[in-house]
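*Asks:* Here are the chains, one letter per residue:
2 protein chains.
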Amino acid sequence: MNFNLSEAIEVLEKTPRTLESFLLGLSEGWLHGNEGEGTWNTMQIIDHLIDGETTNWIPRLQMILEDGESKSFPPFDRFAHLQQKPEQTLVEKIKEFKRLREDNITKLKVLMDSENKLEQTGIHAAFGVVKARELISTWVVHDLTHITQIVRVMAKRYRLDVGPWEEYLGVLKK
Amino acid sequence: MNFNLSEAIEVLEKTPRTLESFLLGLSEGWLHGNEGEGTWNTMQIIDHLIDGETTNWIPRLQMILEDGESKSFPPFDRFAHLQQKPEQTLVEKIKEFKRLREDNITKLKVLMDSENKLEQTGIHAAFGVVKARELISTWVVHDLTHITQIVRVMAKRYRLDVGPWEEYLGVLKK
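Protein chains in written order, with the working numbering: chain A, 2 to 175; chain B, 2 to 175.
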């Protein structure tokens, strides 16, 4: 295991700024592509990240610390965001995500004020017993998953444009 | 086809800043992992991006414009960077990449001063005839490929730490 709370926080803190550097100022054509029916575009992926901040990570961590194994987490609706705020611009979405993330990191630091709490357990409806440190690791990897998804969706816009080089470009095959 | 030079440049311009936002300030533990034997860590991936700036993209574009189909590109050694500058820090590597990329975007704009040039052709040793716009599209997708690679390598550091959530985290399976 490699987990260490301050290193996890390093990554969680960077995600909003990484999205800003990568996305702000791009033409619309880069932002509205997806990977085919039933897949998400960049705007939808950011809505999903916002959703995680409000309903998933910190609420579940609080449940682990307060309720332990006495009740299981309410399910996280991974599709809820598809009905949300279509009128928000990309700039507004990233700003909202950034604000929520900052608040949640503050809460995370307050909640996890001792190393022992990393080993506390709760109940996931599908997986059974899970640990606080597994939830926080998952939060980090979830960010990284969705950053790769955003980058991959953008790359696929040029799938035909690259001509024969497609063969060398692994990202186009995922 | 979606290719349009100014949109391609938008992405090429952002890559160094995205790498800065994503990587600068991370602990060493995040930067030295790879995906197993024969795979690259973050430092090696940035060396490879630097290599592309010096020996691949602009030199090949110049060959297309000057030599057309009369000679084929010298091969791009995709492993050359593995022997390079191990003493450089991450900050120095990103700074070098940023400087080279800025120069190359300036050159790109000078070289591609008319739309017609996008259709000019050269010879790739393995693929045969390729177009200037295919080369430039590939440059963009190559950046995106290696951004996803860096993010994926980092995610894999927590493969065991996420516990049962591994099942939901696609990035860990790639």
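In short, the hints are calculated from the structure, not lab data.
Don't take each hint at face value.
One copy or any two copies: either way a pair holds, since identical chains are not told apart in the list.
[Said to hold, decoys possible] Each computed DSS-like pair below joins lysine-lysine, with the alpha-carbon atoms no more than 30 Å apart:
#: 1; residue 1: Lys72; residue 2: Lys96
#: 2; residue 1: Lys175; residue 2: Lys108
#: 3; residue 1: Lys96; residue 2: Lys15
#: 4; residue 1: Lys174; residue 2: Lys118
#: 5; residue 1: Lys15; residue 2: Lys72
*Asks:* The structure should be examined with respect to each hint, and the outcome stated for every one.
*Replies:* Results for each hint:
1. Lys72 with Lys96: neither (34 Å within a copy, 50 Å between copies)
2. Lys175 with Lys108: Answer is neither; intra-copy 36 Å and inter-copy 32 Å both fail.
3. Lys96 with Lys15: both (13 Å within a copy, 19 Å between copies)
4. Lys174 with Lys118: Between copies only: 29 Å across, 41 Å inside.
5. Lys15 with Lys72: neither (32 Å within a copy, 46 Å between copies)
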